[in-house]
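Student: Each chain is listed here by its residues.
There are 2 protein chains.
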Amino acid sequence: MLDFNYMISTKILFGKNKIERLGEELKPYGKRVLFVYGQGSVKKTGLYGAVTDIFAKNNMVYQELNGVQPNPRVSHVRQGIKICRDHDIECVVAVGGGSVIDCAKTIATGVYHEGDPWDMFLQGDSSIKKALPLGVILTFAGTGSEMNGNAVISNEATKEKLAIHHDALRPRFSILDPTYTFTVSKTQTAAGTVDIFSHVLEQYFSPTKEAFVQNRLAESLLKTCIVYGPVALSKPTDYEARAQLMWTSSLALNGLLGYGRISDWATHGMEHALSATYDVTHGVGLAILTPYWMEYVLTKETSDKFVEYARNVWQVTGENDLAVAKKGIQKTREFFTDLGMPKTLREVGVKENALETLAEKTVLHGDVGKFKKLSKNDALIILKNAY
Amino acid sequence: MLDFNYMISTKILFGKNKIERLGEELKPYGKRVLFVYGQGSVKKTGLYGAVTDIFAKNNMVYQELNGVQPNPRVSHVRQGIKICRDHDIECVVAVGGGSVIDCAKTIATGVYHEGDPWDMFLQGDSSIKKALPLGVILTFAGTGSEMNGNAVISNEATKEKLAIHHDALRPRFSILDPTYTFTVSKTQTAAGTVDIFSHVLEQYFSPTKEAFVQNRLAESLLKTCIVYGPVALSKPTDYEARAQLMWTSSLALNGLLGYGRISDWATHGMEHALSATYDVTHGVGLAILTPYWMEYVLTKETSDKFVEYARNVWQVTGENDLAVAKKGIQKTREFFTDLGMPKTLREVGVKENALETLAEKTVLHGDVGKFKKLSKNDALIILKNAY
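So the sequences go chain by chain: A and B.
Numbering of the first sequence is given in the numbering used here, commencing with residue 105 and proceeding in unit increments.
Numbering of the second sequence is given in the numbering used here, commencing with residue 105 and proceeding in unit increments.
Everything labelled a hint here was simulated from the structure, so no lab data went into it.
Honestly, I wouldn't trust all of these hints.
For each label pair, taking beta carbons as the anchor points, the in silico distance ranges come out as [said to hold, decoys possible]: (1) B:GLY144 to A:LEU426: 52 to 62 Å; (2) B:SER338 to A:GLN419: 26 to 36 Å; (3) B:ALA154 to A:LYS404: 42 to 52 Å; (4) B:GLY422 to A:HIS469: 50 to 60 Å; (5) B:ARG189 to A:ASN109: 25 to 35 Å; (6) A:LYS120 to B:ALA267: 28 to 38 Å; (7) A:ASP408 to B:ASN162: 25 to 35 Å; (8) B:ALA154 to A:LYS488: 55 to 65 Å; (9) B:ALA267 to A:ASN121: 40 to 50 Å; (10) A:LYS477 to B:GLU168: 46 to 56 Å.
Residues of chain B clear of chain A, computed beta-carbon distances all greater than 10 Å [what the hints assert, rightly or not]: (11) MET111; (12) ASP223; (13) ASN259; (14) SER324; (15) THR328; (16) LYS339; (17) GLN348; (18) GLY422.
Small disclaimer: the values here were computed from a predicted structure and weren't measured.
Beta carbons are placed, not taken as given, at the ideal position from N, Cα and C, and that holds for glycine.
Just chain A, same shape as in the assembly (with noise of 0.2 Å):
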């Protein structure tokens, strides 16, 4: 196990009715929010309403961000960080999914920023100092952005789509209502399974060998995403399923995985050039991508990690051990075939002169992935086998 610090700081709220402790939850941050909200379903679902009426018996001005799509842009970034100067906001709150999230706390930390929010992502994550505090609504599993402190923007102007990582962005707190899910579609309910998915196989896929209970952990999040994704999909209304994919969203991403361990992230690195070009969303691009750097990254010398998962996840039993971890890939994409995902990258509108492209902006701050390095040529490889 290597050495870490743990920090996880995020209050989390659980269940039913949940938001009916929000007024209290912000008491100590301020009277002045900023409100982030994506494009108008909030307002259908009441959640806009019960959020305002909150702030009214506060006595809590706020003002409003919306329309943060996916792929969430770094203009609509500034647009946040001036309403926050211009009203003396002091807190900051989130009704969404990751890209709304994502949005609020670059925001967020943004405002202590002096000159353009992008530089934060080319300047990487020693730039970042400090930030408002934040506090999350969530109504979509799949991100775990809700309890960490990451935040991933697309630069629309550039087509590059980049990360920052810093404690100062966790949410103070986050509201986890599994009924908020019950109306996401079944395409995003399964994009999102497939998000967790691979939040947790990118730690899984890790160079560490000893990592025991790290992989025992991940293990358990793969498995109730298994259990979990298709009764999501084929009853909307499941609250258990809803429930186990919401928490198990937020532990697979908010450090626990991950702690005492490097872990690989080549798959993200990926399919972020992917969506940030295409527009693509993120869950699809990473269920088109996976079992095509996986049958990449099976070597020889990567095997025993691959059949440690095709047994422990998918109970594939037999002898050889290739034709195992091989059965555990097929595993894979058989899970999110059947949850609708598509299989290729042709059948998301890219265009197969663009390969070249996308593998270029994937290694464009250099090299990805640790459990397996990939280098623009390798992931040229991956893109056309996904092709």
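Given the structure of chain A, go ahead and fit chain B onto it with the hints provided.
Tutor: Leaving out everything else, chain B in the frame of chain A:
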């Protein structure tokens, strides 16, 4: 999944030489420290010197409370509270295992409690409001006290052993350096492993049927004990084994497994009655009682859970559910025996005519157990079986 509020605020500094961070971590809390430790092994290992050097370098003034014993006494707590009040102590540093930490926690909150600290244990958790900041340097893996808000204290006068629980008792930080556990004796290492195992079981054997991810996480920790307990026994300086057990110990009782479901804790109830009376090592008491508890509560109604346990944790196969369940219990007993634990209460010096009193003490504050509620008579049968 049941509703819950997640709050695991303790910062963990995990790895070799993390003690170098002690001065920095204490800075926000003040200069006047109460330094709590046990029966002198910290002097032998050099940890005492390392800690006091850091105090000196950071211009901190410290008072000592030493000699804290296993099954820590309320008399020690009283002493510590007096020191805190006399010297206007600002924060507490505990160096040791669960006993030292629990004593330190109770002192930290007892300072703010008017009247005798034992009253808090009789009045219950609502009597606790706040506590002095506590930093921990852990030297023993087992109790999980380093990452939770629980404290168990014995009253030597009344021969009672009771617990308090409050978020205010959570250490602000805990330094987990697995090398500090290299010198823990075989018996104590085994007892610590059983303690971890038992903490997981108390939460795993739950009446809450819908707790899929929690069950899988619990099994992960059980498997880690099964693999690394024996390694730590046979190779006391095996870093990985010590590291895996140390981190598993913290995860086993920090809330992660318990959030979203009801836990049992009947075996701990009986064991506390036992060790309050006989000063038996807590893990030893648990090793004896757990298999007998399992045998007693295994019925047609509860057998599903035992089958899940046997199959998932011990890879027991077979068609006959009852046979599978029984095999899981047998495996549990063998695991404890292989670790060198005794099998009967007789072996640890319990008198047969004391069993009635132990049963009475178990249910002194009401029936125990949520997976299966135990009356005094139930407890007595289990104790007799375990004799």
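Student: Does each hint fit the structure? Answer for all of them.
Tutor: Against the structure, the hints:
Against the hinted window of 52 to 62 Å, the Cβ-Cβ separation of GLY144 of chain B and LEU426 of chain A comes to about 56 Å, which satisfies the hint. For SER338 of chain B and GLN419 of chain A, the hinted distance range of 26 to 36 Å is satisfied, since their beta carbons lie about 31 Å from each other. Between ALA154 of chain B and LYS404 of chain A the beta carbon distance is about 45 Å. The supplied range of 42 to 52 Å therefore holds. Between GLY422 of chain B and HIS469 of chain A the beta carbon distance is about 54 Å. The supplied range of 50 to 60 Å therefore holds.
Hint check: ARG189 of chain B to ASN109 of chain A, Cβ distance near 34 Å, so the stated range 25 to 35 Å holds. Take LYS120 of chain A and ALA267 of chain B: their Cβ atoms lie about 30 Å apart, and the range 28 to 38 Å holds. For ASP408 of chain A and ASN162 of chain B, the hinted distance range of 25 to 35 Å is not satisfied, since their beta carbons lie about 46 Å from each other. For ALA154 of chain B and LYS488 of chain A, the hinted distance range of 55 to 65 Å is satisfied, since their beta carbons lie about 56 Å from each other.
With their beta carbons about 30 Å apart, ALA267 of chain B and ASN121 of chain A fall outside the hinted range of 40 to 50 Å. Checked against the hint of 46 to 56 Å, the C-beta distance between LYS477 of chain A and GLU168 of chain B comes to roughly 52 Å, which is consistent with it. Chain A draws MET111 of chain B into its interface by the beta-carbon criterion, the shortest separation being 6 Å against a cut-off of 10 Å. No Cβ of chain A approaches the Cβ of ASP223 of chain B within 10 Å, the least distance being about 29 Å, so the stated non-interface status holds.
Listed as a non-interface residue, ASN259 of chain B keeps its Cβ farther than 10 Å from every Cβ of chain A; the least gap is roughly 34 Å. Chain A draws SER324 of chain B into its interface by the beta-carbon criterion, the shortest separation being 3 Å against a cut-off of 10 Å. With 10 Å as the threshold on Cβ separation, the claim that THR328 of chain B sits away from chain A is violated: the shortest Cβ distance comes to roughly 4 Å. Listed as a non-interface residue, LYS339 of chain B keeps its Cβ farther than 10 Å from every Cβ of chain A; the least gap is roughly 14 Å.
A cut-off of 10 Å between C-beta atoms contradicts the statement that GLN348 of chain B is not in contact with chain A; the least separation is 5 Å. With a minimum CB-CB distance of about 16 Å to chain A, GLY422 of chain B clears the 10 Å threshold, and the non-interface call stands.
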